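Protein chains in written order, with numbering that gives the first Met the number 0: chain A, 0 to 375; chain B, 0 to 375; chain C, 0 to 375; chain D, 0 to 375.
Heads up, the list lumps identical chains together, so a pair's fine if it works in one copy or across two of them.
Pairs of lysine to aspartate or glutamate, EDC-like flavour, derived with a Cα cap of 20 Å:
id, residue 1, residue 2
1, Lys24, Glu238
2, Lys100, Glu282
3, Lys81, Asp92
4, Lys149, Glu75
5, Lys372, Glu362
I should point out that these hints are in silico values taken from the structure, not numbers from a laboratory.
Here the structure is a predicted model, which is why all the values come from computation and not from measurement.
Chain residues, written in single-letter form:
4 protein chains.
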Amino acid sequence: MPRHYDVIIAGGGIIGCAIAYYLRKHTEYTVLVIEKNRIGSEASSAAAGMLGAQAELNEAGPLYTMARESRSLFPELSRELKEISGIDIEFIDKGLFKAAKNKKERLRLQQLTDFHNDNGQPAEWISGSELLKMEPMLSKELEGAMYLPKDGQVNPSQLTKAFAQSAAKLGADFLDYTEAAGFEIGRSGIGIQTSAGMFFGEKAVLASGVWTGKLAAQTGLHMPLFPVKGECISLTFLEPVITSTVISDECYLVPKQGGRLVIGATMEAGTYDRKVRAKGVLELLTKAREVLPAIEQGEWEKAWTGFRPQTPDGLPYMGKHPYHKDLYIAAGHFRNGILLSPLTGRWMAELLIGNLQEERLKEFAPDRFAYEKMKG
Amino acid sequence: MPRHYDVIIAGGGIIGCAIAYYLRKHTEYTVLVIEKNRIGSEASSAAAGMLGAQAELNEAGPLYTMARESRSLFPELSRELKEISGIDIEFIDKGLFKAAKNKKERLRLQQLTDFHNDNGQPAEWISGSELLKMEPMLSKELEGAMYLPKDGQVNPSQLTKAFAQSAAKLGADFLDYTEAAGFEIGRSGIGIQTSAGMFFGEKAVLASGVWTGKLAAQTGLHMPLFPVKGECISLTFLEPVITSTVISDECYLVPKQGGRLVIGATMEAGTYDRKVRAKGVLELLTKAREVLPAIEQGEWEKAWTGFRPQTPDGLPYMGKHPYHKDLYIAAGHFRNGILLSPLTGRWMAELLIGNLQEERLKEFAPDRFAYEKMKG
Amino acid sequence: MPRHYDVIIAGGGIIGCAIAYYLRKHTEYTVLVIEKNRIGSEASSAAAGMLGAQAELNEAGPLYTMARESRSLFPELSRELKEISGIDIEFIDKGLFKAAKNKKERLRLQQLTDFHNDNGQPAEWISGSELLKMEPMLSKELEGAMYLPKDGQVNPSQLTKAFAQSAAKLGADFLDYTEAAGFEIGRSGIGIQTSAGMFFGEKAVLASGVWTGKLAAQTGLHMPLFPVKGECISLTFLEPVITSTVISDECYLVPKQGGRLVIGATMEAGTYDRKVRAKGVLELLTKAREVLPAIEQGEWEKAWTGFRPQTPDGLPYMGKHPYHKDLYIAAGHFRNGILLSPLTGRWMAELLIGNLQEERLKEFAPDRFAYEKMKG
Amino acid sequence: MPRHYDVIIAGGGIIGCAIAYYLRKHTEYTVLVIEKNRIGSEASSAAAGMLGAQAELNEAGPLYTMARESRSLFPELSRELKEISGIDIEFIDKGLFKAAKNKKERLRLQQLTDFHNDNGQPAEWISGSELLKMEPMLSKELEGAMYLPKDGQVNPSQLTKAFAQSAAKLGADFLDYTEAAGFEIGRSGIGIQTSAGMFFGEKAVLASGVWTGKLAAQTGLHMPLFPVKGECISLTFLEPVITSTVISDECYLVPKQGGRLVIGATMEAGTYDRKVRAKGVLELLTKAREVLPAIEQGEWEKAWTGFRPQTPDGLPYMGKHPYHKDLYIAAGHFRNGILLSPLTGRWMAELLIGNLQEERLKEFAPDRFAYEKMKG
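The following block holds chain A by itself, in its conformation from the complex (with noise of 0.2 Å):
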């Protein structure tokens, strides 16, 4: 394995390994990505997979045009990925329902119906009793629920899997099971010291999800990050029970190929505790339940946890370090990395490579909460 790389990443969960397979798709550049634990072992496989563009954002803005921009490029991405590595990441394009269970959450989602038309995205306002047509085993109390049709889903592990993949068959390296650990920033290029010893990059990209913000603080920027634990468990059933995603009172069922059923997340802010709480299982049942009573008669499958990497504004941090030329950043993506990890991939290999012109990123920029600027 060499030590010099144009492009070192840290972090081989879905953003780095996004990163990693455009550079490599659009380039000869050398790529190495290191991960300290497993390829895609955190958030990047503890995700459901929707595909939220609209069922998470509620309000315009540059995150709800990126959203609806990524989100248009799974169905090419799909063919692509397979055909490079020959994994299925499991695209499902049937669509998402939100569910109002009483008068109140119905008008809210009539007024979210009109907001997504108004911004001229497809959504559609469904009865109770058309519900019931569509999904017939959903609660016969819902009040209705807002469709939105563009709305799909993947299997995120399979999706970090196939990035991580594709990138290597195209040419990139990969290095699990060791840490970056510091930088040695020069007039050129990054050394990046880790457990298996010192690499060089020309270029070097933070993508290592929530524990980006200790790197970020090693290289003198504060760049606030936090970990929002969420539990999900599935359940799995001989016929599926629902075949699009289903969200109520923020809980959202995820039918996944083969009749498993994901159902997720809690939220709890500010800890790293990986535990699984029964209180976490409680909650996702009963919640799950009041939405699609027939869950009762699923099959325990597994719960997991894990820890999306939250920012004070709720926009992910993409661009360039603001102190050193040579260094990136694309971390903060919350509960919409899976969602947004083609466009950040595409983004930041084209910035990388000078296509990109950093303004475009500006909403995004990582030192937009550095105590210069917030001073200043």
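Add chains B, C and D to chain A, keeping to what the hints say.
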């Protein structure tokens, strides 16, 4: 492995292993245990291990008497099995609480307290405030509890393994993953057809839990047995949250070594479905939280099912086969197999040896539901 | 769930599920599949999924012909099942190498190459150096390999699940954890006793793999079937180490999606022992390393066993029961159940419908080892 | 949870938990253990649990002396921890054989036997035929073995858990999934920054195994520590195949409760790679089969890795921090952490209390490789 034995036991669950152990402990009989699956893999390892001689039995009768006698064997047995096999059965002697959540339950439990005392068994009514002194994490809403100081608990998998390995050490043979498929009953001795060929026993014992009914049918005996499925879950805690077993409303919480808490068990008759259903998980967690709110902070460990072997009158079958003099039966211990295993093993060994009068076990006669007897 | 069906299939492995699928695809017959365990839990999920129509069969005859025809169904089937059930069966069409480690093996494989060509099937001898160009990680010691470009592979668990869920979607019923315990064969139709009560089928199919022999015996038919235990292991790699399946010396290496490598399989006849033995692990790893030294760096994933249903002459049983006109049999596919499943499903469906002459399946007649025939 | 403690221990492995236990046993100090992962999750639970005070140490010196003294604490400790926490540490006192496969090994082991005897330690040379009487399943090819009757074994996970839960019961606090990220060292006391906020200790102990080097570096101390990866596997048997631990050629076989056999361990320096490689599995099984052919019949259970914390001279670091009077260090126990844990815990507790002279631990001084000292 020989083909001829003094005693062949069909069934390597806790009952079969206990019989093998007591046989080898007291005689030089050659003994073979045949198990179609893994040793101790069914109800024996699904149980929570309560020794609820009083908690599970609310009326005087042969089972109440047997249960207490069997319970009294555990302290000595625990030492004995550790000595022979090196296995710790995790016998815990900290008593059991049956908690009352309301006045009605309180009155019923106070009556039960009197019942046990009237029968010369220790039982004590504990008020809500006293209870919180003894188990401070229990719900403050409880009206109190009946305390049964003698109802301890063990680790049922360890107990089954300890019976098996002690028996093996004393000379018994074990053949796992081998099904007893049919019987050839001669004038003397029993031929047992298995997937590993034919074995001959001077005597044979059917001890296959809920599957014994089918074997009995093959020998012409109608001996009804049906499965009662139970789902259990376990949580873990950095520090134990209760010291004694707590039962409330058909839900029991059994504190195990090292901070594990086993919560059981749902009841569903007539099915062999091994699936843990979401409904069962919800029910167990909901009931457990009512008595012990601290379970919310417990870490999810796992969930499993087992099939209790139920009989029409709730008493196990123990004794000789009515039509074949060399055939014996021990099965149908329902929720009390762990508790009753030592005495069942001892009695069956003595019956096989000829030291116990069949009359002694008349309430447990295997033919008490035989068609002929029923006709009368 | 109804009690009366047009066709009841006893056995929810790959054969039973394939029959159910083709029945529902082509008819309006009501269909019930009864499975004593979990759907697809035995040999169907233990297999490696090679479609070795040529690799596994070295002589002309009905099986060779059937295998090639069945293999040819996979490309279309793969699309069809994905469309109906959403499940990707991971069909990979990259051919298969049978490698020669020495001159003797080389000569034998060169003869086999001629045999396949003589039978109009593609096969090519690849020299050692050419082989390394196609699969660079293979051992430099190999003398070459026979290349079979048409022998692909699938994921057998996914295929079974896809058959089952597609059948279910098309209207078939499934009942798992329910054992077919006995038959009541009337003048018309079949009664099947199960742990969930009695079910009646106008016709019934026995498709329970190696356990079908026992069911057949209950219907008066001697149809010998015996288990051949196989142990398999799997390793994972960051990047795939081979592209095509490689076979050498009874050991096969099957590269799966995402960097998994399945290595199989030991052979042990006559046992139902589910244990993976250290001996098997050693044998598989040692043999695999001889052809592919790079397996040393593979990450251990897991090990498992399965029981191939073997018949005395190596041909499966497919056809009508000799004594009961409404009873059908499909079992005994040995190492080729995955490969043969589509055509078995199709043929059996056609036979049940009445579109296939029994004569067509005469080499596979279920009664070819019946005592009468043997005498006769 | 308070923010201020008398002693804060960074590291919840066996060393940290042992220190917490002895501190609470002997003082009223408030104690907090901070662990970045799960309690006892790293080397502490990966170890096989041999107490090889003689087997692992072949020369006189401070470690040899310490090891014997620590070993002598186990019989009493075993009872004490069971009493307090209810946890059985599975202490087995059946000695250990170091087996010779050829003449050269025999001569070396006979010399070692003399060495131990010369140092007043029991050791005996056992001929091949005698050895087979004591352990009949061992290979008939062995030339004999050195028998060390005092080198017992424990279950390391249980021991760590027992230290932790006993400490907790005696009043220590534990905070898991919390990383000690930095230190603020004032004139008196230590501030520890963690992901759960700042904690203040009058004194603090660094006891984070191989990760202690990095923490020490943050406090200005060069204290080299590097990981030596080890892979282990376990098999299970219906009946135990050996009674005592057997070591041969760097491979050890440790018989655990209930028929488990742990086989360890490979050695690979300088990596944090957690993967169990096929190479390691092959090596362990091959070596183990040479001494104990019966392992072939063992059932595969699982495989795992751990990282032993190695120091340049093989001695652990125990003592005070050279530059900060309230900071203490206990780490680097390499292959002997389980064995040395009781005495390390006791000594460190005494040092913290002020009952042990620093001089007593001078060979283990944490600053013996500090740059200043090295310069001289």
